[in-house]
Each structure stands twice: as C-alpha cells, then as structure tokens.
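> One-letter residues, chain by chain:
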Amino acid sequence: MKSLEKLFDKLKPNFAKGGKYERWGSVFESFETFLFVPGHTTPRKGAHIRDAMDSKRLMIVVVLALMPALLFGMWNVGYQHYLSIGQDAGFMDNFIHGLIRVVPLIVVAYAAGLGTEFVFVYIKKKEIEEGFLVSGLLIPMIVPVDTPLWMVAVATIIAVIFGKEVFGGTGMNIVNPALLARAILFFAYPSKMSGDKIWVSGLDGGKTNGAGDYINTFGDKVVDVSSGATPLGQYASTIDLNTALQKATEAGDTETVTKLTADIAKTLSEVPSAWDSFIGTIPGSIGETSTAMILLGALILLFTGVANWRVMLSVVTGGALMGLIFNLIGANPYMNVPFYHHLIIGGFAFGAVFMATDPVTAAQTEKGKWIYGFLIGVIAVIVRVLNPAYPEGMMLAILLMNVFAPLIDHYVVRGNVKNRMKRIKVAA
Amino acid sequence: MGNNSKLLIGPINLNNPITVQILGICSALAVTVKLMPAIVMGISVTIVTAMGNVIISMLRNSIPSRIRIIVQLLVVAALVIVVDQILKAYVYDISKQLSVFVGLIITNCIIMGRLEAFALGNKPWQSFLDGIGNGGGYALILIIVAFIRELFGSGSVAGFAVFGEKAGENPATGLYSIGYADNGLVILPPMALIVVGVIIWVQRARTRELIED
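Protein sequences appear in the order of chains P and H.
Each step along the first sequence adds one to the number in this note's numbering, with nothing skipped, and position 295 is 295.
Each step along the second sequence adds one to the number in this note's numbering, with nothing skipped, and position 15 is 15.
Chain P on its own, in the form it takes in the complex (with noise of 0.2 Å):
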C-alpha cells in the first residue's frame, strides 16, 4: 500500500494544472480518492465540519451489502447449471462455474458504463463522480446469466447516458441506471430477458439432436428441460391456462377441461416451496433468488443507515397487502398465490432493498418515502397478477414511482405548508 501510495505521489504532478495529462486530472483524482481517503483539509474559513462518509464510502458500503448475494447468486448458478444436466457437482464447482459466467457480465458492465462516464467527464472537464460504483455491479445482478455480453454494454452505455448524463451526473438521475438498463434490455431484447430457458446457465440457445434429447450451449445433454422456469414465468403462465379453461367450461367441452384442469395443477405443483424460494435455490436473475442472503445485505444497510428503512418496510407491507386483497378475490390461480410468496419470488425483495431505497431516485421527504415505497409494492404485485405479459412487475414499479417520486414530494411540502399557515392563523 505504501509503495503504491509513493507511485500515485510521483504521478500526481502530472495530472496538476499545468501538467502534462491535465486533461485526465479528473480520472487520476478518481482512482487515488478511491484508494486513499481526499487530501482535502477543512479551509480557514467557512465549514470546519467534513465528515469521512462520502459517497465514495457509502457506495462501498452498498457493496459490500450485495456481496451475499452476489457470491450465492454465483454458486446458484453453478447449481442451477449442474442440476439441469442432472449431474452432482460439489460446493465448488459449483461456485467455480457460476464465477466464471458472472465475472465477465460484471467486468462488461464496469468497462461500458466507467467507459461512457470518462469520456463525458473528458468532454465536460468536470470532475469525476463514483455513482457507478454501484450501478455497474447491479446490473450483472439483475440480469440472466446467459445475456450476451455485448447486450448488457449497449443497454449500460444508454442508460448511463439517457439515464444519468443528460440529467446533469450523479445526483441528478430521474431513474435508477441500473434497472433502466434493464428495462431497456427487457424491451430491446425480449427473447434474452424473458422465458424458461435464460435463466439456467446454458440453456438457452441450445439444440435438439438427433435422437430428440436437448443438448446446451456445454454440449452436455439437458435431462430436464422444464426446470429453467422462474416462479414468477410458472405463476404467469396459469393465467393463459385459467382464460383456456373459462372457455372450454363455457363451450361444455368436458375433455379439455379435465386436461386444462391437470395442467395448471401440474404448473403449480411444479412452483418452488416457499422455503427454496428463501433460501434461493430456483433459476432467475443473477442476484435476486436468495431472500436470505438479500436480508443479510439489508441488515448491513440498515445497521450503516446507508439505506432507508422506511422505504424497505413500505415496499413489503405495500406488497403483501396487495397480495392479501388478491387472494380475497381470488379469481384465478395467480391470485391465490399466498401473499408471503410475491415477497421472496424474483426480484421484489432485491428490488426493495437495493433498488427502491436508492437515495437519489427515491422521494426525499419522510412522508413521501412511505407513500413512495407503498405504491412500489402495490404496483408491482398488480403487475405480476393482472399482466402475465409482464412478469416481473418490481422493475416496472420502481420505475414508474421513481418517475412520480418528485410529484410526492411536492404535494407533501405543500401540504406541510399548508399545515404551518393554518397554525399561524390560529396563534394570531
């Protein structure tokens, strides 16, 4: 550490004004803030108070909070992997396999959104923020393993710069990056973001041999392809079953109604348990299977009080009351999915977590928190059950309240306002 300190002091004076690379001032100043704490001291005058918990620390410390997830997603992979060739493979390989598919969607998404945030710092002469910190390792996280690389660049290097950059930076972002770069792959590349077969590490784009058996992207023969569907693709998939069955109950068609009838049991049947889904042994997105492990990053948000948790339990209690207001209705089969399910499937408790408590794209006021976090849940459950289309409605809901999140604000100052006015009136 000493001896790397020594080089960036040697390299420092050419990266001053005046030096020989000023230009990549910003850059330099970037990396060594990274790694050394600023060499700022407080001035003669003005503010004396300077505290050392930047936004370079808090997005370490959010860091560190998906490292759980992360490092299950990456043995999940393996394990979802080995399990759909019906092979036994060890803790380890396991892990190693799912680190080797995810390393590099990490390294992509750091190398296009880093890439597009210098050469906008380059062209403006700002100095360089550090909000992709984050953002570059949620993305990998929110997507299938087997996107293709070059996918997840294009949509990092639009969303940070539809995103984030013509909104002025970091701070200044409408919408979460990081999920814009998922919604923009979602509806760019529909084929590669949703489906029964990307979510298992080489399943997808695999081909049926000869003698019928399917064979994936390793060569290895497929024993049991239906095991790649998400539970939020099984639940969704009950509804086109249900809409069949009301039409053949209508037409007296008997036959079809008993086979209907057997298929969406046999598609329930097939859903994880409530406890697999917990602990994140079913297929999805990199990042977002294990509850557990997303709790353990949550207790280190909330311990830091880097994350809000107002927002967390708003986005929850949001969430299971629409899911108990369902399950009164209760007229298919996705409507009656016990509430507590729509909590620990796909990405509603990482999205509660690490995508709504997101500072800057979430209301700012502490009533507005708790409305904004409240819809979140609301409209995400709404979308799962009522749009089969769209199966992961979190994504969707974080979005359209982060797009709403300064209306709230407003109207709860205003009301606020409102409030001290009348106060005033009677004192007078």
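In short, the hints are calculated from the structure, not lab data.
Please read these numbers as outputs of a predicted model, since none were measured by experiment.
A hint or two may mislead.
As the list claims (entries may be wrong) - Listed below are the simulated EDC-like cross-link pairs for lysine to aspartate or glutamate, each with C-alpha atoms no more than 20 Å apart in a straight line:
(1) P:Lys124 x H:Glu212
(2) P:Lys192 x H:Asp182
(3) P:Lys247 x P:Asp263
(4) P:Lys10 x P:Glu22
(5) P:Lys10 x P:Glu29
(6) P:Lys56 x P:Glu32
Unchecked claim - Some, not all, of what chain H presents toward chain P, calculated at C-beta under 7 Å:
(7) Gly179
(8) Ala181
(9) Asn183
(10) Gly184
(11) Leu185
Said to hold, decoys possible - Just the calculated beta-carbon pair ranges, DEER-fashion:
(12) P:Lys125 x H:Ile69: 46 to 52 Å
(13) P:Lys266 x H:Gly164: 39 to 45 Å
(14) P:Glu270 x H:Ile81: 57 to 63 Å
(15) H:Thr173 x P:Val413: 57 to 63 Å
(16) P:Lys45 x H:Ile22: 44 to 50 Å
(17) P:Phe404 x H:Val82: 43 to 49 Å
(18) H:Asn13 x P:Asn14: 39 to 45 Å
Ideal Cβ placement from N, Cα and C applies to all residues, glycine included.
Starting from the known structure of chain P, arrange chain H on it as the hints suggest.
Coordinates of chain H only, in the frame set by chain P:
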C-alpha cells in the same frame, strides 16, 4: 444570403420546424420505423405545405380574417386528399404503411403554422419557397430518424438488409450468425422521441446561434 434563399435554407437548420420550433413531432414518431415511408411522408408534407402556402397567399387579401382557419383547413384538406389518392395509385404498399398518417397531415402543426404565420402575410413566390424550406426541414429530420431506427431496429436501410440475413428457413448470415440481434426498443415510439432529442442535442451543441443562456 438573399432573402429568398434564406426562406429556403433557414428551416433546414437554424429554424428547423422539428428540432427548433418543436412542431410536427407526432408524425415524426409515427412514420419513422422504416426509411421509405418516412421519405414519402416527407415529400408529401413538403408538397402540401408549399401548395397550401401558395393558394392561401393568393387568396390572402380576400379571406375574411374571422373564417380564415376554416378556409385554410379546406385548402389543406383538398390537397391532402389529392396526395393520398396519388399515393394509393402509385405506391400502394407504402400508402398502406402510412395508413391514417397521410390523412392526418391535415392536423400537422407545421402546415397550419406556416399558413397562419407566413402565407397570410406574404406573396405567393415567397410563400412557395417557405413551404418548400419548411417541408424540407421536416423531411430531413424524418429521414435521419428513420435511417437510425430502421438500421438498428430492423437491420436494414430502405428494405435492403445491411447486417445479413436473420435466421428463418435458412441459417443466419453476416452479423446475425455471430449473435447480433435487432434492438426491439428502437421500433417502439419512445425511441423516436429519444433520437429526435439527440438530434436537438447535437444541433444545439454545434450551432452557436441556438445556445440559450
């Protein structure tokens, strides 16, 4: 630059109806998925604007100002029907793709704007040049947007496959064989808005006259 050539060239860049006046956005979103319809739409709007401008300019002294909007609508509607019929007769496929948007030229803000703001107060020849200029500025942006959207959304330019053949009955060729895929988002209307936004961004960054404080 003479006054007449200013009328013709101005709307292409400094006074562009789409990127500077922000008019006619609706049709720019709707018809720019493919290049050919965008070109046809651009030509149609240019013809309607120019002819409408000339006719209104000739009538400008005899139109009672209280009913001028109705007269303008009547003239534009007649021209739009003529254009629509010509398209149906000679380029039926493209006319089908454009569907209602040819008919909706009548509501295009650029046309009504030019009739109101220019033709009612200027001579026919100047009005004609103004119509050609504004229609040309509109067509230019349409063509740029459509080129980008067709290239990335469908992998072709004016129907000609650029990146190779997609997998269908035959295996994929060119870029598609190494895993490239068309970007479905570019086909959706929001992306047209973003592309227009980028054009405005680039134009403002490069043109000093347009930079606002």
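> Now, for every hint given, state plainly whether the structure supports it.
Hints and how they fare:
1. P:Lys124 x H:Glu212: The given pair, whose Cα atoms are some 18 Å apart, holds under the 20 Å limit.
2. P:Lys192 x H:Asp182: With Cα atoms ~12 Å apart, Lys192 of chain P and Asp182 of chain H stay inside 20 Å; holds.
3. P:Lys247 x P:Asp263: 15 Å, holds
4. P:Lys10 x P:Glu22: 15 Å, holds
5. P:Lys10 x P:Glu29: Roughly 13 Å between the alpha carbons, so the hint for Lys10 of chain P and Glu29 of chain P holds.
6. P:Lys56 x P:Glu32: 12 Å, holds
7. Gly179: 6 Å, holds
8. Ala181: Since the shortest Cβ distance to chain P is 6 Å, the answer is holds.
9. Asn183: Since the shortest Cβ distance to chain P is 4 Å, the answer is holds.
10. Gly184: 5 Å, holds
11. Leu185: The hint holds - Leu185 of chain H has a Cβ within 7 Å of chain P, the shortest such distance being about 4 Å.
12. P:Lys125 x H:Ile69: 46 to 52 Å: 51 Å, holds
13. P:Lys266 x H:Gly164: 39 to 45 Å: Since Lys266 of chain P and Gly164 of chain H have Cβ atoms about 41 Å apart, the given range 39 to 45 Å holds.
14. P:Glu270 x H:Ile81: 57 to 63 Å: 59 Å, holds
15. H:Thr173 x P:Val413: 57 to 63 Å: 59 Å, holds
16. P:Lys45 x H:Ile22: 44 to 50 Å: The hinted range 44 to 50 Å holds for Lys45 of chain P and Ile22 of chain H, with Cβ atoms some 47 Å apart.
17. P:Phe404 x H:Val82: 43 to 49 Å: 47 Å, holds
18. H:Asn13 x P:Asn14: 39 to 45 Å: 42 Å, holds
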